[in-house]
Every structure is written in structure tokens, then in C-alpha cells.
Amino acid sequence: MIIFVHSYDIHAFVFIQTYFQLRYLQSKPSQVIFYERDDEIGPKMSNYHIATTDNPNSLMDVLSCALGQKGVVKKKRLLYLVGQTRVHCDEVEGLGHFVELEVLMKENQSLKEGEEIAKDLMSKLGVKEADLVKGAYIDLLSEQKVYTKDTARE
1 MIIFVHSYDI
11 HAFVFIQTYF
21 QLRYLQSKPS
31 QVIFYERDDE
41 IGPKMSNYHI
51 ATTDNPNSLM
61 DVLSCALGQK
71 GVVKKKRLLY
81 LVGQTRVHCD
91 EVEGLGHFVE
101 LEVLMKENQS
111 LKEGEEIAKD
121 LMSKLGVKEA
131 DLVKGAYIDL
141 LSEQKVYTKD
151 TARE
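Per full-length UniProt numbering, the very first residue in the sequence shown carries number 1; after that it's consecutive.
Just so you know, the hints here were simulated from the structure itself, not pulled from any lab data. No experiment lies behind these values; they were computed from the predicted model shown. Some hints could be false.
Derived DEER-like restraints, expressed as beta-carbon distance ranges [to be verified]:
id : residue 1 : residue 2 : range
1  : K76       : D131      : 16 to 22 Å
2  : V62       : I41       : 20 to 26 Å
3  : R86       : V62       : 28 to 34 Å
4  : E129      : R37       : 38 to 44 Å
5  : D61       : G126      : 43 to 49 Å
Restricting the straight-line Cα-Cα distance to at most 25 Å, the calculated cross-link-like pairs of lysine-lysine (PhoX-like) are [unchecked claim]:
id : residue 1 : residue 2
6  : K28       : K134
7  : K44       : K128
8  : K75       : K44
9  : K70       : K112
10 : K119      : K70
11 : K28       : K76
12 : K44       : K119
13 : K112      : K44
14 : K112      : K134
15 : K76       : K134
16 : K76       : K112
17 : K112      : K128
18 : K44       : K28
19 : K106      : K75
20 : K124      : K112
21 : K119      : K106
The beta carbon of each residue, even a glycine, is placed where N, CA and C say it ideally should be.
Using the sequences plus the hints, can you model the full thing?
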């Protein structure tokens, strides 16, 4: 299964190892996403919660007033499903191209099993340890100072 997603994410606030964002999606309800994960290279556990909204602009106004706004991530994503893994092929404005693997853990699976699934798929795709990056797109953009806060609703 292949899905194309054109989105941009407004990062309202970033805490240590947690992210809170509003994701605008074309032709779908927008999403408010909170997730937390260790900021390390390689496979890691990520916990997240998603809610949808049909009124993202009003919600963005409230979130910006309450939490501030760190920046904007604009990306185009192709999503492939390989077994229990989502393979995200992202083109991120200002950064380039990335592949992200998201293993959807089953209830009875250990973190080690999930890591093995990810590493096996990395090997099959030719992704090496040296290719891995640390941090979220907003962190990488922030380091390069290439995002803008006022282009959120283009």
C-alpha cells in the first residue's frame, strides 16, 4: 500500500524529548499530535497521541497564544507499508530527503523485537548506521535556522 501525504507541521512547543504539533493535511482533517521519544540515533520507542480537528486555524491561534510557536516543517511524504512497518519517504523543505521507519509494535512484542525488525529492514534498504540522524525535523531546521514562523498557513 502506498499513500502520498502533503503536510506541514506547526511545532507549537518543544519540551525535552517531547513534541507537540499541529499537522495540516491536504483533503483530510488536520491533526494535533503529542509524542515523546528519546533523542538518540537509531531505533527508539516513540509514544504518541493524535486528535483530529476540522478547524486547524482557530486551534493554531489558541495554541500559539498559549504555548508559542517554534517553527514550521513543510514536507511531502510517501508512505509504504512493509509488514508491520511504516516506511516514510519524506522530502523536507530546507533539509532534503529522508527515510523514516516506524515499526508498529504488537502487544506481545518486546522492544528488542521491534529493533530487530527495524534493523533488518534498514539492511534490506541499504541504510547504514552512518546515515542515521539525531532529532526531529524541527530540531534539524532549528539548527540550520531555515524555518519561518509566519508561513504556517500557505
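Handout entry: Hints violated by the structure (listed by number, smallest first)
Key = Checked against the structure, the hints that fail are numbers 2, 4, 6, 9, 10, 16, 18 and 19, while the rest are satisfied.
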